[in-house]
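Colleague: Listed below, chain by chain, are the residues.
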Amino acid sequence: MAPVEIIETAAFDLNKPILIEGLPGLGLVGTIAATYLVDKLKMEPVGYMVSEKFPPIAAIHNNIPLHPARIYKSKKHNLVVLLSEFIIPLNSVYPLSTAILDWAIKKKVSKIISLGGIVVRGEQDEVFGIASTQALVKELNANGIKTIKEGATTGVNGVLLAECASRGFPAISLLAEAKPNYMDPRGAALVIEALKRVTGLEIETSDLLKESVEVEKKMVDMLDKAKAAGRHYQKAGEELGGMYG
Amino acid sequence: MAPVEIIETAAFDLNKPILIEGLPGLGLVGTIAATYLVDKLKMEPVGYMVSEKFPPIAAIHNNIPLHPARIYKSKKHNLVVLLSEFIIPLNSVYPLSTAILDWAIKKKVSKIISLGGIVVRGEQDEVFGIASTQALVKELNANGIKTIKEGATTGVNGVLLAECASRGFPAISLLAEAKPNYMDPRGAALVIEALKRVTGLEIETSDLLKESVEVEKKMVDMLDKAKAAGRHYQKAGEELGGMYG
Amino acid sequence: MAPVEIIETAAFDLNKPILIEGLPGLGLVGTIAATYLVDKLKMEPVGYMVSEKFPPIAAIHNNIPLHPARIYKSKKHNLVVLLSEFIIPLNSVYPLSTAILDWAIKKKVSKIISLGGIVVRGEQDEVFGIASTQALVKELNANGIKTIKEGATTGVNGVLLAECASRGFPAISLLAEAKPNYMDPRGAALVIEALKRVTGLEIETSDLLKESVEVEKKMVDMLDKAKAAGRHYQKAGEELGGMYG
Amino acid sequence: MAPVEIIETAAFDLNKPILIEGLPGLGLVGTIAATYLVDKLKMEPVGYMVSEKFPPIAAIHNNIPLHPARIYKSKKHNLVVLLSEFIIPLNSVYPLSTAILDWAIKKKVSKIISLGGIVVRGEQDEVFGIASTQALVKELNANGIKTIKEGATTGVNGVLLAECASRGFPAISLLAEAKPNYMDPRGAALVIEALKRVTGLEIETSDLLKESVEVEKKMVDMLDKAKAAGRHYQKAGEELGGMYG
Amino acid sequence: MAPVEIIETAAFDLNKPILIEGLPGLGLVGTIAATYLVDKLKMEPVGYMVSEKFPPIAAIHNNIPLHPARIYKSKKHNLVVLLSEFIIPLNSVYPLSTAILDWAIKKKVSKIISLGGIVVRGEQDEVFGIASTQALVKELNANGIKTIKEGATTGVNGVLLAECASRGFPAISLLAEAKPNYMDPRGAALVIEALKRVTGLEIETSDLLKESVEVEKKMVDMLDKAKAAGRHYQKAGEELGGMYG
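Protein chains in written order, with the working numbering: chain D, 82 to 326; chain X, 82 to 326; chain R, 82 to 326; chain Z, 82 to 326; chain L, 82 to 326.
Calculated from the structure, these hints are not laboratory results.
Take the hints with a grain of salt, since some may be wrong.
Just so you know, same-sequence chains aren't split out, so a pair can sit in one copy or run between any two.
Capping the alpha-carbon separation at 30 angstroms, the derived lysine-lysine pairs in BS3-like fashion look like this [to be verified]:
1) Lys-187 to Lys-291
2) Lys-260 to Lys-97
3) Lys-219 to Lys-134
4) Lys-260 to Lys-188
5) Lys-299 to Lys-97
6) Lys-189 to Lys-260
7) Lys-157 to Lys-134
8) Lys-308 to Lys-188
9) Lys-277 to Lys-308
10) Lys-298 to Lys-97
11) Lys-260 to Lys-157
12) Lys-121 to Lys-277
13) Lys-188 to Lys-134
14) Lys-291 to Lys-189
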C-alpha cells in the first residue's frame, strides 16, 4: 500500500469547498475544534485516512467504531473537515501532508485552513496566523490576526503549509494560544472564533466553551483507554521476551 | 510475500457463513472462547495465517504442530472460526485486519463477530458490544447487550470493526468483562453465552467453565514454553554480541 | 536477493532421500548430532544457505572456510543433512523454514527429520517426538518414542514442522533431553540413537559420546572466536559514535 | 518516492552557473553564509529538496512557511545557492549528495562550492580548502587559501566532494575556522570573504558580521521551536506507550 | 541502488591479475598493508565502492577527498588492490563480499589474497593462512605459513573466503599476529613479508616498518576526525529530540 491512503466512502458533491484540517498538536486544539465543527454543522462522513504506521486504534463514537483519522463534508456550508484523534507518527508526517494536498487539489478545494495551538505568549486570548502567500498574510492581518514573521512550525500543519507555499496553493494556519496541558478547550474556542472571522462561516457558538469541554472529556477517556491498551501490549511483548523481534 | 497471507488448506464449502474471530487480548478471552468453539463443534481446519512478522512459534495440539493463527470451519453450523494463540505484533495489526476483511468478503461471509475482553466495570457478569452499523447496535441492545457509546478500542478487533463500519460490512464485537490476569476463562464463558444469544447457535455449555479452565491450562503451558524459548534466543543473541546486528 | 537462498554446489543425485535437519537450539544438540553424521557417514557438501540477515561469520574446518549453514549428501545412505553452526536470527526463521520445505519438495525428499534438544524432565535418558501427521505419531510411539501431546515449539524446527503439518508433508522432530548448558554432547548421543531406531540407519556409534565431545570442543572454540569478533565490531562501532547509523 | 527528491518551482534560466552549497555543520557556518548570500543578492526561490527521512519541520521566513532545504538562483550573478536550515539525517547524506551532483550536472552547473566550518586551529582567522582536482588545489593556494593535505571530512560536504573527485567534476569546499558553539557568525563572515576571493563575486560585506548575527538570532529562535516541538512529540509518544511501535 | 555498488573510473587493462584485499580488522592490518602497497607500487585509482549503509565520510589524501573504499591497479605488477579505510558495517558484509567476488570473476582475477590481523598467539612474528582449496593450503604450508585448521573467521575476509571455497575460486587469507590496539603497523609489516613470499611480488621493504608507522599516523588522525564528526552529529540529533525519528 502507499505510505498513507485516503479512502472515500461517499460521493463528494461539493463545489470548490474550503478544507479545514484539525490534527492533534499543542493542547489538541485542532482536533477539538474540528470535532466541534463536525458536530455543530451536522457534517457527514466522506472518507478516512489509513497507514500501516498509524497506531492500531479505533475510536468509538455514538456506538460505532471509526478510524481515528477521518474526513467529513457539509454540502450546506460547502465545507470539508479533516481530523485525526491521534497524533500522527513522525515518519507519516511528510507522506500524510502530500497526500492531503494532492487530494485537496484533485477535489478542487479552494483553500486549506489548518487549526492548531501555539505556546501561550500573553494572556491566552490571541490567535496567530501563517499563510502560504503574501496576499493571504495581508488578508489575515486585515482580519486582526497577527502573523508569525520568523520562526518554525512542525508536524503536518507546518509541512502541509510549506508544500502549499511551494506550489502556490492558498492555505492558512490559525494557531490559538494554548496551554501545554494535554488538551485545552479554551484554545479550541479561540481558534473557532478566528475561523468565523476569516471565513464568514455562520456557526452558533454560544455553547462553544461548554461543548469543547464535553469533547475534551470524551477524548481524555479515549486516550486513557488507548494508553491502557498500549501498556497491555507492551507488557505482553516483554513477557514473550525475544519472540517479538 | 504480502505482509500477512491467508493460506487455505481445505475446500471452503460454506454458504454465507458467520465468521467468528477470537484473537488474544485482555484475559485472552477471544482465544479461549474460539478454541472452545472449535473443540465443542468439532470444527475442521481450513487454513492458516502467516507473516514474517509473526513470532516464530508453533503450537502443539494433539501431538501435531500447528501455526498459531488458524482458521476452522463447521459445515453443520455454517460457521468459520479464526483464532490466534499469540498476540499479534503491533505492526501486523492493520495488514491482518484488512486481510481478514478482504478474505471474508471473498468468501461471502455474512457477518463477522469478534470475541474479546474488556476491563471489569462491575461484578464481572456482563458482556458489552460494539457494532459496525446502527441497525446492529439496536439488535445487540434488543438481546440485552449494552453497547459502548463513546471510547476507544484497539488491536485487530478495533481496526477490523472500524474497517467494517467504513465499508458498511455487518460486524459486531462482544467484549466480556475480564480480569487483567493473563487468562480469564470466566470471561470466555460469559462471551460464549452472549454469542449464543446473539446468533442462536446451539452449543451445549454445561461444561463451559470447566472446559475453559482446561483450555487455559494448555495455553499457560504453551506460553511458558514460548517465554522460555524467547529468553533462550535473547541470551544466545547477547552472547554473540554485535554479530546479530 | 530473496530473504534466504539455498545455493547448490554439486549434483543432487539422490532418489527420494531422507533430509535430516540439525540447527542450533537447546544444548546445540541438533548441530552436534548433524555434524557427527556428516563426519561418520563421510558425507559430501552439496550446497549452502545464505541470507543478508545471517551473521557474517565463516567456520573453518580442515583448513577451509565454510558458510555456517550447509547441506551435505550421502549417496550410499540416500541421505541429506542440513546443518547450521550459528543460531538463526529470529527474523530469518520463517523465510528459512519455508525455503527448506520448498527445496525439500523440489528435491523429492521423502521425509524431514529434525534433531534438537528439549529441557530435561527426568534423568536425561529420553528423546521426545513431534510429527506432522497422526500416522507418524503412531510410528514414533511404536518405536518407543513418547510424543508431546500439548505444548509449543519454536524456531525453525517448530515453524518447519507446522508448515509440513499444514501441507501434509511427512516430517518428525526428535528432541533429546538436554541440559541448558551451551552444548550438551550427551543430548546429541541420545538423539542419534533415536534416529537409528526410527530410520534403521546403520551407523557405528560406539565412539559417539567421545566424538560428540570432540565436536563440542571445536564448536566452543569457534563460538569463542565469533564472540570475540562480535565484541571487536561493537567496540569499533561505538568509537565511531553516530557514524554507524 | 526516491530517497531524496529535488523539486523545481521556477524556470532555471542560468548559463553554466556556479552552485554554492551551504548545509549545517560546525557552527552552522554553511547555512548562515548561504542565507546571507540569498538575502544580499536578492536571490529568487527555484526549488526545494524533500525526503521522508528529513525532519517534518517548516521554517517561517517573512510570514511564509518554507521547506527547510531550498534552492535559490540569481540570474544577475549567474549563481545558484542550495541551503538547508536543518542537519541532514545521517541516512540521507549519501542519497542527498548524489542527488545534488546529478542535478548539478543536469543543470550544467560549472562548479560546486561548498561552504562550511572546521575546528579552530589558530586564531580563527583562516579558511581552509579542499578541492576535487589538483588544478583546483593550486587555484586555492594561489588565492592564499591553505588546503588540507591529509584528513577526513564528513557529511554531505565530504561525500559530495568525493563523488565530484571520482567523476572529475570541479568542486571546492571552503571551511572557515569556527567555534564548536551552536552557531558561529564570525565563521560565516570568514567563509564569505574567502568566497569573494575565489569567485570574484561582487558583494557588499561591510555589514556582514552584523547581518550574520541577525541570521544567527533567527536560526536560534527557529531551532528552539523545533526542539520544543521535538520534546512535545516525544512526550506524547511515550504517553501512548506501545501504540507507536 | 544495489546494496553495494562497485563503480569503475578508469580502464581495467590487466590480464588475470591478483586481487589483494585490505579491509580494516584487528589492528587495521589489512588497510595499512594495502595502503603501503598502493603507495610503494605507485598504483593508480580504478574505482570505488559505495553503499547507502557505509558511513558518510570522505578521506582526504594529497589534498583530494576520496571515497573511503577504493580500488587501485598496477599494470606493471598485474595487480589490483582493494582497500577500505573504515570498518564495513555488519549489514554490508555479505553484500560487499559477494559484490567483490562477482566483480573479481567478471574482471578475470586469477586469485584473491586478503590481508588481515589475528590475535597474537606467540611472540608476534608469525603470519597464519586460510585458503579456499586444499591445494592452496599445501602451497601456503610449503611457503612456511601455518594454516588454521579449525576455528572461525568473521567480516568480509571470512565471508568472501567461504564464498570462494563454495564456488571453487582460488583465494587465500594472510593473517598477521597483531595487538588489539587500534592499529598495529608491525602486523602490516609481517603480512607484507608473507605476501612477498607467497606471490613473488618484488617490493622494496627496507622502509616498511617506518612507512607503516606513517600510514598509521594519517589513519589515526583521520579516524579522530571521523569520531569527532560522529559525536557532533549525535549531539545535534539529541538536541532536536524526537525530530530525527
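Colleague: Evaluate Lys-260 and Lys-188 at a C-alpha cut-off of 30 angstroms and name the case that applies: within, between, both or neither.
Modeller: neither (35 angstroms within a copy, 48 angstroms between copies)
Colleague: Classify it for me, Lys-189 with Lys-260: is the Cα-Cα distance of at most 30 angstroms met within a copy, between copies, both or neither?
Modeller: neither (35 angstroms within a copy, 51 angstroms between copies)
Colleague: What label fits Lys-121 with Lys-277 when the C-alpha limit is 30 angstroms: within, between, both, or neither?
Modeller: within (13 angstroms within a copy, 40 angstroms between copies)
Colleague: Checking Lys-260 and Lys-157: alpha-carbon separation at most 30 angstroms within a copy, between copies, both or neither?
Modeller: So Lys-260 and Lys-157 fail the 30 angstroms test inside a copy (34 angstroms) and across (48 angstroms) alike.
Colleague: Can you tell me if Lys-277 and Lys-308 fall within 30 angstroms by alpha carbon in one copy, between copies, both or neither?
Modeller: Neither: 34 angstroms inside a copy, 32 angstroms across copies.
Colleague: Have a look at Lys-157 and Lys-134 and pick one of within, between, both or neither, based on CA distance no larger than 30 angstroms.
Modeller: For Lys-157 and Lys-134, the Cα distance exceeds 30 angstroms both inside one copy (35 angstroms) and across copies (41 angstroms).
Colleague: Check Lys-187 against Lys-291 for me: Cα-Cα at most 30 angstroms, and say if that holds within a copy, between copies, both or neither.
Modeller: neither (37 angstroms within a copy, 47 angstroms between copies)
Colleague: Can you tell me if Lys-298 and Lys-97 fall within 30 angstroms by alpha carbon in one copy, between copies, both or neither?
Modeller: neither (34 angstroms within a copy, 41 angstroms between copies)
Colleague: For Lys-188 vs Lys-134, is the C-alpha pair at or below 30 angstroms within one copy, between two copies, both, or neither?
Modeller: both (25 angstroms within a copy, 28 angstroms between copies)
Colleague: Please work out whether the CA atoms of Lys-308 and Lys-188 approach to 30 angstroms or closer within one copy, between two copies, in both situations, or in neither?
Modeller: neither (36 angstroms within a copy, 35 angstroms between copies)
Colleague: Classify it for me, Lys-299 with Lys-97: is the Cα-Cα distance of at most 30 angstroms met within a copy, between copies, both or neither?
Modeller: neither (32 angstroms within a copy, 37 angstroms between copies)
Colleague: Go through the copies and call it for Lys-291 and Lys-189: within, between, both or neither, with a Cα cutoff of 30 angstroms.
Modeller: Neither: 35 angstroms inside a chain and 46 angstroms across chains, both beyond 30 angstroms.
The structure is inconsistent with the numbered hints 1, 2, 3, 4, 5, 6, 7, 8, 9, 10, 11, 14, although it conforms to all the rest.
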